[in-house]
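*Asks:* If you want the building blocks of each chain, they are given just below.
Number of protein chains: 2
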Amino acid sequence: MKPVFLYDTTLRDGTQGEGFQLSGLDKLRIAERLDAFGIDYIEGGWPGSNPKDVEFFQAAKSLKLKHAKLAAFGSTRRADTPVEQDAQVRLLLEAETPVVTIFGKSWELQVTEVLRTTPEENRAMIRDTVAHLKKHGREVVYDAEHFFDGYKDSAEHALATLQAAAEGGADCLVLCDTNGGTLPHEVQEICEVVRARIPGTPVGIHTHNDCELAVANAVAAVKGGATQIQGTINGYGERTGNCNLTSVIPILQLKMGLTVVPALENLLDLSYYVDDVSNNPHFARAPFVGRTAFAHKGGMHVNAVKKLARSYEHIVPQSVGNSQNILVSELSGQDNILIKADQLGLGLEKGSPVAKAVLQKVKELEHEGYSFEAAGGSLELLIRRELGTYTKPFDLKEYHTSFRKYRDGHEPVCEATVKLYVDNTPEYTVAEGHGVVNALDVALRKALLPFYPEIEAISLVDYKVRIVDGHDATAAKTRVLIETTDGHQSWGTIGVSENIIEASWIAIVDGIDLFLQKKRK
Amino acid sequence: MKPVFLYDTTLRDGTQGEGFQLSGLDKLRIAERLDAFGIDYIEGGWPGSNPKDVEFFQAAKSLKLKHAKLAAFGSTRRADTPVEQDAQVRLLLEAETPVVTIFGKSWELQVTEVLRTTPEENRAMIRDTVAHLKKHGREVVYDAEHFFDGYKDSAEHALATLQAAAEGGADCLVLCDTNGGTLPHEVQEICEVVRARIPGTPVGIHTHNDCELAVANAVAAVKGGATQIQGTINGYGERTGNCNLTSVIPILQLKMGLTVVPALENLLDLSYYVDDVSNNPHFARAPFVGRTAFAHKGGMHVNAVKKLARSYEHIVPQSVGNSQNILVSELSGQDNILIKADQLGLGLEKGSPVAKAVLQKVKELEHEGYSFEAAGGSLELLIRRELGTYTKPFDLKEYHTSFRKYRDGHEPVCEATVKLYVDNTPEYTVAEGHGVVNALDVALRKALLPFYPEIEAISLVDYKVRIVDGHDATAAKTRVLIETTDGHQSWGTIGVSENIIEASWIAIVDGIDLFLQKKRK
Chain Y
0 MKPVFLYDTT LRDGTQGEGF QLSGLDKLRI AERLDAFGID YIEGGWPGSN PKDVEFFQAA
60 KSLKLKHAKL AAFGSTRRAD TPVEQDAQVR LLLEAETPVV TIFGKSWELQ VTEVLRTTPE
120 ENRAMIRDTV AHLKKHGREV VYDAEHFFDG YKDSAEHALA TLQAAAEGGA DCLVLCDTNG
180 GTLPHEVQEI CEVVRARIPG TPVGIHTHND CELAVANAVA AVKGGATQIQ GTINGYGERT
240 GNCNLTSVIP ILQLKMGLTV VPALENLLDL SYYVDDVSNN PHFARAPFVG RTAFAHKGGM
300 HVNAVKKLAR SYEHIVPQSV GNSQNILVSE LSGQDNILIK ADQLGLGLEK GSPVAKAVLQ
360 KVKELEHEGY SFEAAGGSLE LLIRRELGTY TKPFDLKEYH TSFRKYRDGH EPVCEATVKL
420 YVDNTPEYTV AEGHGVVNAL DVALRKALLP FYPEIEAISL VDYKVRIVDG HDATAAKTRV
480 LIETTDGHQS WGTIGVSENI IEASWIAIVD GIDLFLQKKR K
Chain S
0 MKPVFLYDTT LRDGTQGEGF QLSGLDKLRI AERLDAFGID YIEGGWPGSN PKDVEFFQAA
60 KSLKLKHAKL AAFGSTRRAD TPVEQDAQVR LLLEAETPVV TIFGKSWELQ VTEVLRTTPE
120 ENRAMIRDTV AHLKKHGREV VYDAEHFFDG YKDSAEHALA TLQAAAEGGA DCLVLCDTNG
180 GTLPHEVQEI CEVVRARIPG TPVGIHTHND CELAVANAVA AVKGGATQIQ GTINGYGERT
240 GNCNLTSVIP ILQLKMGLTV VPALENLLDL SYYVDDVSNN PHFARAPFVG RTAFAHKGGM
300 HVNAVKKLAR SYEHIVPQSV GNSQNILVSE LSGQDNILIK ADQLGLGLEK GSPVAKAVLQ
360 KVKELEHEGY SFEAAGGSLE LLIRRELGTY TKPFDLKEYH TSFRKYRDGH EPVCEATVKL
420 YVDNTPEYTV AEGHGVVNAL DVALRKALLP FYPEIEAISL VDYKVRIVDG HDATAAKTRV
480 LIETTDGHQS WGTIGVSENI IEASWIAIVD GIDLFLQKKR K
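Listed in order, the protein sequences are those of chains Y and S.
Note that numbering that gives the first Met the number 0 gives residue 178 to position 179 of the first sequence, counting from 1, and the numbers run on in steps of one.
Note that numbering that gives the first Met the number 0 gives residue 491 to position 492 of the second sequence, counting from 1, and the numbers run on in steps of one.
Just so you know, the hints here were simulated from the structure itself, not pulled from any lab data.
Some hints could be false.
For identical chains, the list gives no copy identity; a pair is met inside one copy or between any two copies.
In silico lysine to aspartate or glutamate, EDC-like type, Cα no more than 20 Å apart, as pairs [claimed, not checked]:
(1) Lys404 x Glu497
(2) Lys63 x Glu166
(3) Lys476 x Glu501
(4) Lys404 x Glu426
(5) Lys476 x Glu497
(6) Lys65 x Glu312
(7) Lys355 x Glu312
(8) Lys404 x Asp394
(9) Lys222 x Glu188
(10) Lys404 x Glu431
(11) Lys222 x Glu185
(12) Lys63 x Glu93
(13) Lys396 x Glu410
(14) Lys404 x Glu414
(15) Lys476 x Glu410
(16) Lys133 x Asp394
(17) Lys476 x Glu17
(18) Lys254 x Asp152
(19) Lys476 x Glu119
(20) Lys151 x Glu312
(21) Lys355 x Glu166
Hey, can you work out the whole structure from these sequences and the hints?
*Replies:* This is the structure:
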């Protein structure tokens, strides 16, 4: 049996964080990645809280998870309501997940002031709901909300609620530091008490980062006997976020000798993937997986580092998929590119001149601020160009954008013109748009349509902008990510430039270009 | 005596972090703010490592610190060199700071492999250097580099190096987790051993965040008997950063009952100040001081929060200068604005209709993405407008920008035109620029110069761009910060818009407008 089980709540508690939104499709894709990485439990959402989560669990029935168990999240039954008649509990069963996680109140103050019921009824709500879910064959995880605050207020009351869950047959009792205000030594001590008082049921830990101690508190809980850790990828979550699994996993595996995932070297890819899907910038200073986590700068002599790496690095960077001196190659390494080429059906032999040229080009572009994690379309074009299977669809002569702002009360006007050649035939178009970029997209399509009527089928569905480096005013780069679709498939393309208009142009052109390359075959 | 002393190294170790650069002037301004906040020690730089730090300490002699002691950082003497002849040690004394901090090697492996000397000579280097600095009247802090790694490798060797520093007369022995790989329980245990073995000298702690445990390790050290904590504001520093003082200070003061600063409610302002001066985005999820640290979202009923705030917040947000439901007012509160108006010599009476109107306007603008911490110029204009002491310098009719990109090999052309009236006299100008914004700035000055020849004296010295919210593609805002100078003084102005050109225009106009308002008096 695993020494510690990993319970991911990126899809539920993670999405409570500001700026971390996921579509239903995003959630399915992330669930597959979490499963492939070796996460044990994936909490998908709260079917009782919104119809979108009900839909998610419907769609998730077609997911083929190899290892992970999917969990639906919800609460105990309402006060004074038989559990069989509780609509929210029914939705939990209808999600048809192997695991159901329910939270209940541990803090007497909350029972009387928020629930407005008695401690006895509160315990019955916990016991009944767990027993009901067990009767329906579910593995039941019990989340003891506000456990540490409740324990400090009244230890016996808090312990009695856990006892109720254990009596109901709970498979794991998760102690939640809901407000994130508990210190590590308190967490460890209280875990030890719980293990001693309720020895028959495994204990888990759910922490928040309000004191910048979420990871430390999870580690303290493991030292106190906890065998399940709840958290999120990159630490997303309500307020300051949840326990960052991206940090806790390598600590368990590399520092504490507890094997929790089969291939820790995939950690960096997973971390980038979640950020790219949710359109969040990757945190450069992130422990283990950050771009600067193993950067040697400052007064450090690179020779000394090379001579004696272990004296300047607390772990081998490759063990988490990262690398030393990341500035040369910001992404996750060369093998990654070869694997992607293979997935696209574009054969690239490791060590061949073409493969070397592709890798060189990718390195150069990453150094300029490109990132291909969410721009597979641009990566595919880059490989096709090196393979010699690429035909240029048009020659640009020039494009022009204009923005005119009038005195208050008069709408600004955005206009773009495009002048290009297709097989020596000139085309010159003009269009207006909601913004400069929109105008440019419309003008370009107008110019290409007579030659490539098939582009009528495709459209731009997503547009994301990010400043890559805001520190040097004159050299700040803008990164534009665009998603183009033909109604069946969609592909991401990227442009980077000091000028936002130019960056957008590059990404728009790639989006159309890739479609034309594929159509041509 | 204070239970724990705070040692800030934002100006030295902080600037080892990627993307965290400070000019000499920035460093002086931050030192004043750290002092005002109640930091005990401010490490200003390493005079032996670069001439800029020598200059900083020269300039710092005119700093009037009320509480903090300034520290110069450096290393022990070189092997086989008498300390009196060591150039780097001489520079440390020439910095003329009351405190000197020197680091030495604790890890035997590093002594033999990097220094290439003997353990005996290493200890002599430590002892001699400390004694030499003490002889010259300095308070000496000894940073034991790689202490925890060295201790785990050979405890006796590591302890002997501390003993050598104590023999030299060191005032504090700081245990450094240089690689950031140590776990909290190890830190506490090892601190306890050091306190027992070398009881005469206080112990400090210097941690890094490579395992997301820097704050936890500092807290563990305090539990192990440490009485000095080294760290940086907002956790900046090499690789993943240093111990975040912005988190550790409220933990000490609010959770552990150790009073370390006189007015913790100024914490949020200090945190924003350091970010704005270094042009870093403030981390929304930051514990205690983040914009979302006390945000209630998710399934949480706002009524329940209001009813029983302490059951949903681990501390009172105002105790660190933050506030609940921060989305209404993202900045640090109303009093802050009144204090700033007072500093500008613009009387604003608390509760007066004008003050209310200003506060309302500030709130609205902050909600749109404005931030006035580094844009005092725009704030001053806003107050002047409400006070009725403002005269509009010109009426805009329209402006226009154009960007034309040719096929590869031909430079793009940026052009701007401005059409405006001053006292009903029209002016219509055109200019080219390096970029769209530069062209706009030049064209505007050209239009105003005939009416306001005094603007010849001012120029734009800094331009910073940031995407405020990159999540919703259509609503992403661009924030532009501009610094304008007349050669004596400089002032910051801000513009926010969905369009980068419009945001830049707003900031440029404010920069010139404020100058004209002041000249008019």
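*Asks:* Are the CA atoms of Lys222 and Glu188 at most 20 Å apart within a copy, between copies, both, or neither?
*Replies:* both (9 Å within a copy, 15 Å between copies)
*Asks:* Given a CA cutoff of 20 Å, do Lys254 and Asp152 count as a within-copy pair, a between-copy pair, both, or neither?
*Replies:* Intra 34 Å, inter 15 Å, cutoff 20 Å: inter-copy only.
*Asks:* Are the CA atoms of Lys355 and Glu312 at most 20 Å apart within a copy, between copies, both, or neither?
*Replies:* neither (29 Å within a copy, 54 Å between copies)
*Asks:* If the cut is 20 Å between Cα atoms, do Lys476 and Glu119 qualify within a copy, between copies, both or neither?
*Replies:* Neither: 61 Å inside a chain and 52 Å across chains, both beyond 20 Å.
*Asks:* Treating 20 Å as the Cα threshold, decide for Lys222 and Glu185: within, between, both or neither.
*Replies:* Classified as both: same-chain Cα gap 12 Å, cross-chain 12 Å, threshold 20 Å.
*Asks:* Within a copy, between copies, both or neither: where do Lys404 and Glu426 come within 20 Å Cα-Cα?
*Replies:* Classified as between: cross-chain Cα gap 16 Å, same-chain 28 Å, threshold 20 Å.
*Asks:* Indicate which option fits the pair Lys476, Glu501 if close means a Cα-Cα distance not exceeding 20 Å: within, between, both or neither.
*Replies:* Answer is both; intra-copy 11 Å and inter-copy 19 Å each pass.
*Asks:* With identical chains, the pair Lys355 and Glu166 could be close in the same copy or across copies; at 20 Å between alpha carbons, which is it: within, between, both, or neither?
*Replies:* Result: close neither inside a copy nor across copies, 62 Å intra and 58 Å inter.
*Asks:* For Lys404 vs Glu497, is the C-alpha pair at or below 20 Å within one copy, between two copies, both, or neither?
*Replies:* Close across copies (13 Å), not inside one copy (23 Å); limit 20 Å.
*Asks:* With 20 Å as the alpha-carbon cut-off, assign the pair Lys65 and Glu312 to within, between, both or neither.
*Replies:* Result: close neither inside a copy nor across copies, 34 Å intra and 39 Å inter.
*Asks:* How would you label the pair Lys396, Glu410 (within, between, both, or neither) given a Cα cut-off of 20 Å?
*Replies:* between (30 Å within a copy, 13 Å between copies)
*Asks:* What label fits Lys476 with Glu497 when the C-alpha limit is 20 Å: within, between, both, or neither?
*Replies:* both (4 Å within a copy, 18 Å between copies)
Of the hints listed earlier, those the structure fails to meet are numbers 2, 6, 7, 16, 19, 21, in rising order.
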